[in-house]
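Protein chains in written order, with my numbering: chain A, 1 to 834; chain B, 1001 to 1834.
I should point out that these hints are in silico values taken from the structure, not numbers from a laboratory.
All values derive from a computational prediction rather than experimental measurement.
One should not assume that every hint holds.
Label pairs and their computed distance ranges (CB to CB) [to be verified]: (1) A:218 to B:1673: 24 to 32 Å; (2) A:383 to B:1375: 31 to 39 Å; (3) B:1390 to A:526: 52 to 60 Å; (4) A:669 to B:1507: 33 to 41 Å; (5) A:252 to B:1658: 30 to 38 Å; (6) B:1118 to A:379: 46 to 54 Å; (7) A:493 to B:1104: 39 to 47 Å; (8) A:230 to B:1446: 44 to 52 Å; (9) B:1681 to A:493: 38 to 46 Å; (10) A:350 to B:1697: 31 to 39 Å; (11) B:1673 to A:493: 42 to 50 Å.
The calculated DSSO-like cross-link candidates involving lysine-lysine, where the alpha carbons are at most 27 Å apart (straight line), are [what the hints assert, rightly or not]: (12) B:1272 to B:1294; (13) B:1342 to A:681; (14) B:1302 to A:681; (15) A:374 to B:1672.
Ideal placement from N, C-alpha and C gives every residue a C-beta, glycine not left out.
2 protein chains.
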Amino acid sequence: MATLGDIGVSAFINIVGAITFLLAFAFLRIQPVNDRVYFPKWYLSGQRTSPRRGSGNFVGKFVNLNCWTYFTFLNWMPQALRMTEAEIINHAGLDSAAFLRIYILGLKIFIPMTILALLILIPVNVSSGTLFFLKKELVLSDIDRLSISNVRPKSIRFFYHIGLEYLFTFWVCYILYKEYNYVASMRLKFLASQRRHAEQFTVVVRNIPIVSGRSISDTVDQYFKRNHPNEYLFHQAVYNANKFARLVRQRDRVQNWLDYYQLKYERHPNKKPTTKPGCLGLCGKRVDAIEYYKRQIKAVDKRMTLEQEKILTDSKSLLPVAFVSFSSRWGAAVCAQTTQSKNPTLWLTNWAPEPRDIYWRNLAIPFVSLSIRKLVISLSVFALVFFYMIPIAFVQSLANLEGLERVAPFLRPVIELKFIKSFLQGFLPGLALKIFLYILPAVLMIMSKIEGHIALSTLERRTAAKYYYFMLVNVFLGSIVTGTAFQQLHAFLHQSPTQIPRNIGETIPSKATFFITYIMVDGWAAIAGEILRFKPLVIFHLKNMFLVKTERDREKATHPGSVDFPETLPSLQLYFLLGIVYAVVTPILLPFILVFFAFAYLVYRHQIINVYDQQYESAAAFWPHVHSRIIASLLISQLLLMGLLSTKKAANSTPFLVALPILTLSFHKYCKYRFEPAFRKYPLEEAMEKDELDKTTEPDINLKSYLADAYLHPIFRSFEEQHESVKVRVDKQETHTAAAPSASEISSPSPPHDISSSSPPHNVHHVPSQYAYYQSSPPQYSYSSNSPPNYVYQSTSPPHYSYHNEEPQPHYMYHNEDPPPHYGSHYGYHNQEL
Amino acid sequence: MATLGDIGVSAFINIVGAITFLLAFAFLRIQPVNDRVYFPKWYLSGQRTSPRRGSGNFVGKFVNLNCWTYFTFLNWMPQALRMTEAEIINHAGLDSAAFLRIYILGLKIFIPMTILALLILIPVNVSSGTLFFLKKELVLSDIDRLSISNVRPKSIRFFYHIGLEYLFTFWVCYILYKEYNYVASMRLKFLASQRRHAEQFTVVVRNIPIVSGRSISDTVDQYFKRNHPNEYLFHQAVYNANKFARLVRQRDRVQNWLDYYQLKYERHPNKKPTTKPGCLGLCGKRVDAIEYYKRQIKAVDKRMTLEQEKILTDSKSLLPVAFVSFSSRWGAAVCAQTTQSKNPTLWLTNWAPEPRDIYWRNLAIPFVSLSIRKLVISLSVFALVFFYMIPIAFVQSLANLEGLERVAPFLRPVIELKFIKSFLQGFLPGLALKIFLYILPAVLMIMSKIEGHIALSTLERRTAAKYYYFMLVNVFLGSIVTGTAFQQLHAFLHQSPTQIPRNIGETIPSKATFFITYIMVDGWAAIAGEILRFKPLVIFHLKNMFLVKTERDREKATHPGSVDFPETLPSLQLYFLLGIVYAVVTPILLPFILVFFAFAYLVYRHQIINVYDQQYESAAAFWPHVHSRIIASLLISQLLLMGLLSTKKAANSTPFLVALPILTLSFHKYCKYRFEPAFRKYPLEEAMEKDELDKTTEPDINLKSYLADAYLHPIFRSFEEQHESVKVRVDKQETHTAAAPSASEISSPSPPHDISSSSPPHNVHHVPSQYAYYQSSPPQYSYSSNSPPNYVYQSTSPPHYSYHNEEPQPHYMYHNEDPPPHYGSHYGYHNQEL
């Protein structure tokens, strides 16, 4: 066990490490060459298209030569704090704003708790001094003198701890209630202020019964016309386009090569580029590259046409799923919340996730298998949490040097080399575990996908839940109780329910130093690493050097990513757990948690403003989970304190704690019932209000054309868009003049200008401005809603896309000024038979 | 422990007892004087109004003189079986029919299980014979030789038991699935075939926000006009009429005395009846009874008028609850299933229970207190289940003779008398427990009422659930594990989770004899007692002798009651549990359960046809509970078998059982998701279908007048009805000629005629025929739906009842032929300001 001095040393090292990271960040972020790594959000929003330059010369393009900026290396912090919450919601969406509120919640909870606990409990614990007198016999750390371990058994002083546990519980519940209330109203306000969105009018219907001799589209049409006669508008069928998606990816690849060679040819017109068509471009006869790839594209296009024909004509590729749109939000809300069919397994309706949020692949899962999948996955998660050490131990035993020599005796001469031997011995056993922990989130995500959720947001929430269970068992309990999770499980099954909190509670104070170190290493360092973005930085420069062939590739290489909810939320929740559990046991741990929350808040605020671009908007749908996990932490802390006190023979004080879990649970139930519907359901009152507002402001909107292909599989979309790039470009010009300037002037905050604050705003290019419009106002999905609808979509006949694949578009060539349009442009296909 | 012989003797005694009961029943039921006790249903349905007479003389009026009928004393059995299920549904409602299906379910489950278990397991157990050889050392019962205890530890034969457990689980699940499916479709068919009912169009709205300066009625009207503009019809406010109800009861009492004296005066016109107005009619000056009670009625009427005025004018008596009616079933289904308000604690909508089913008193409970009430009650139920022995033991210790003498030394001379002493010693200690068990269902019902459910059906289901927990812990576990429930709880908390099933499983085989006796005493005897209806019989005759003053009193005295779900369902579920647990452990127990199910099926069929009159119709809403409790029984049996086998050191076979609970739970989840919505929600498809049917068959129905006062507090109703008896009578004449004959001719089955089968049907009286109409067709609640609506109810102004209390109605005098109208007559009040 560490003394206070040890902790101090450790803290010092970690603080120095963090400051080094911050310095590195401060240095790297002002280099123009890294601009795309540290400010990608501004590129996406179109307010920057090229790195800001300190001076105009060539070196200045890569290295920042303005000395002054090196001295203000911490000025990202006030910049990060400058934006108001409303601006953040505008700039990055409600999910990000709500995510930041978790840190605020942590600060609100732990600042008063820290002050109170330090002021009251430290004197109580120190002066009580059993350990103080026992010092000679037992080797005990100084930390323990500050903890509850220092209080004599049967002491009356335990009432201080019990009283504080009550106080803390009430405080946490009070703050939780206030925050839940705040976030719920934020969500409602956000939803109310949203402009017209496809998902407000749309319901996803699963398990459509297949009537023989009639197409699914007909069945859906007839059913909803009959049961929702006033509100039903039309529906969009869902195709199983997984094979088509593969072809689209292949075409993308080929197209990219074509672009690359065309660019090369343009720069050096005297040298015709060639390539080898064999495997990986290494073997085969050398041919003209441009010709070759043009032929390739033609071939792929042909296959795509065939595949598309097949999808549209073959009834088997039509899934028993449909997106049903209604003429009013009220109608959609009614349909989403009610039972449709007499057979409760058919015609299952639910809110449609927003189009960006849909995980298309899972729509193809037949509904019957979902319950089996859920069962299998829950069993696997249980096994993973408790038995993951078994395969790892097996691999580790194989990776022993002796084992290795036995398996492969011919390796012995190599292994016996001293250098290699020591390296292997130090490295091999940990390697399997490291690899496992590294890929764990990905594994959990795959498990969630197998479960069959159809929205990315749900997938991430489910993954976060699984990761939390893993951390709870293997980090929290695993650090307290010795032995693997499997051994713990075995012990739990063979102990009485009252013995378990006692055993755990007893060891808890002695593990405080470990967790303090954990908070510093895992928390502080990780946050400092987060802001440095070391991995994306390295990858960006590597890609830039080797892989980037076209400007489109550079766009791809600087993909900003989004806040990694599946990993971040569980670790946050673990810190809440640690703070709440140790608040009365070893209050000296609390300041470390406080530092983490404050630091992380700053860093994530900066990242959300400058870096991350959320993939979807779930309007803070994760908040109920955050809330209930903190409640769970409270319960765990109460149980463990009861166990701890019962080992302290404080029999006269322990019963006073029994009421706490009951009160906490009641509070949880109340909150669940009070706030959760706001996160799960769409009240009719709200729907009606917005419908009426629409009626008065835009009485003549053609909703059918607006919704027409909102829920088209993105695969069809990206394909169309490339073939219609000319048309798209024209449309964009129009849209831009109408919408973009006003949007960027009014609602989008300006990026931090710390290199040359006099530099003019860069939004001179059309497409990125449109992006700005898209980002700074609620998302739209269909760009040309202001332009007259030039196509009508009819639900009963599947859409038929006629596209021109006779010759690749010569206009399709990217310049630095003009990144390719992507996500949601104007498709301009011509519907036949309307 | 009992040997096979002991069991045989016990069985013989119980069978003789049961046969005695049956003989008594056979004798008593054919006495005309008991006719109202054994066939009250036929009186209610109007097919009998006076006892059937064997011969016309005076004695024959009371005693059956037809000798032949004494020899056919068991012919109620074939008669009970004669009615088809469809007829039972028509005759007694779906609840009763579904209740009978529980017994059929029991037979279907246990007949094959009994045959298989006896054929396979008995030989396996007997031939395995460890106990056989140990006979000299251990005193073991013969029953044990037939049970699993007889198999040697580590024997390979345990695979028979495991295999059969698998087989039985699959069989039970298969039958459960089929029955759930059947009952669900029965329910849907029943709901679909129902005629127009008020509750199909009505939603109960709770937690209406109180807007200052506006009445609740206005708020409701405005809110629903806004959010359900196309479907909203009107609403009915709910008044807090609990005080008014007291006055109504008082008036009833006085009215009854008046009737009594008027009848007396009619019979002996020369003797003017007198009474003493003092306490209990014993003291005070003797006055003219008729005059006195007329004055009394006047006084009560005045107070009622005042109270009614107060209710209707005082805004405080208006509760924040309303019954909101819609113009279509679709509209009501939508409103009941959706969230209305942005604040999820306001405007809570739910299906309105049918008017008969409403527990009016709980509508006055403010919604905020409901969650607290639920918490308090769940804690109390937990305490009741586990600690009920503490107060009883305390009372018992007081009731000790020594304790009694110490508390009250002056009683010593009395207590020391030998006769009294022995009586007290034998009687006192058990008395407290007996009283407790007798009042337990009532206590649980009160608890459920405190929980605040607004429907009688929900109250009964909740009471049944509580009673089941009590039986599970105190009868099942309490018999297996020694000690009180409190000691068990203590032991459970201090044992490991794996140790508990082991401990219980180990003792299970030895308790088989106890449970066999329990089945015979509690099951067989109780069923025989059920058909004898000893208590109602005695009470009826006692009342007839002493209390019955008027014909109305006789009507009241013969109230048939209804199937006592809160007590019957839990004991049934206990028998399922016993059968499933012992099926592989001690299969000899199964035949006893089979006999119980078969016998109980016959008896309840008879009772439902001839006796019981259900108070409400929930359309088999209790079935999901029945289903899930049987699933719970399966799980318990699997866990206990695992525990039992692990004590038998069958380590190589026990793991095979682990998959069973998981499979069973998945099956349960599947069923829940597959069938439960049919019991909880009303699908829109169904609603739309019925709406359209209505539109075509009755296009010009005035729904508003039909629904006008369906949800009027019954107190107002019964009061009005007495004051408008003339009008009611006229209306009834009309209604009768229109509806009653056809209804009784077509759908109501004829009563068993075993005394004189040539006796003509007795439905010549108007009001009972109307009752017949009410019973044999789906209930109507509003009699004069065919007569032109002569009043219009407007929801925004509270109804104002003008009634004539200037002089008591001289017509109000009952003859034998004409029982008073009750429940749902025509109110005929005049609304002012429409």
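Hints violated by the structure (listed by number, smallest first): Per hint list: 5, 6, 11 and 14 violated.
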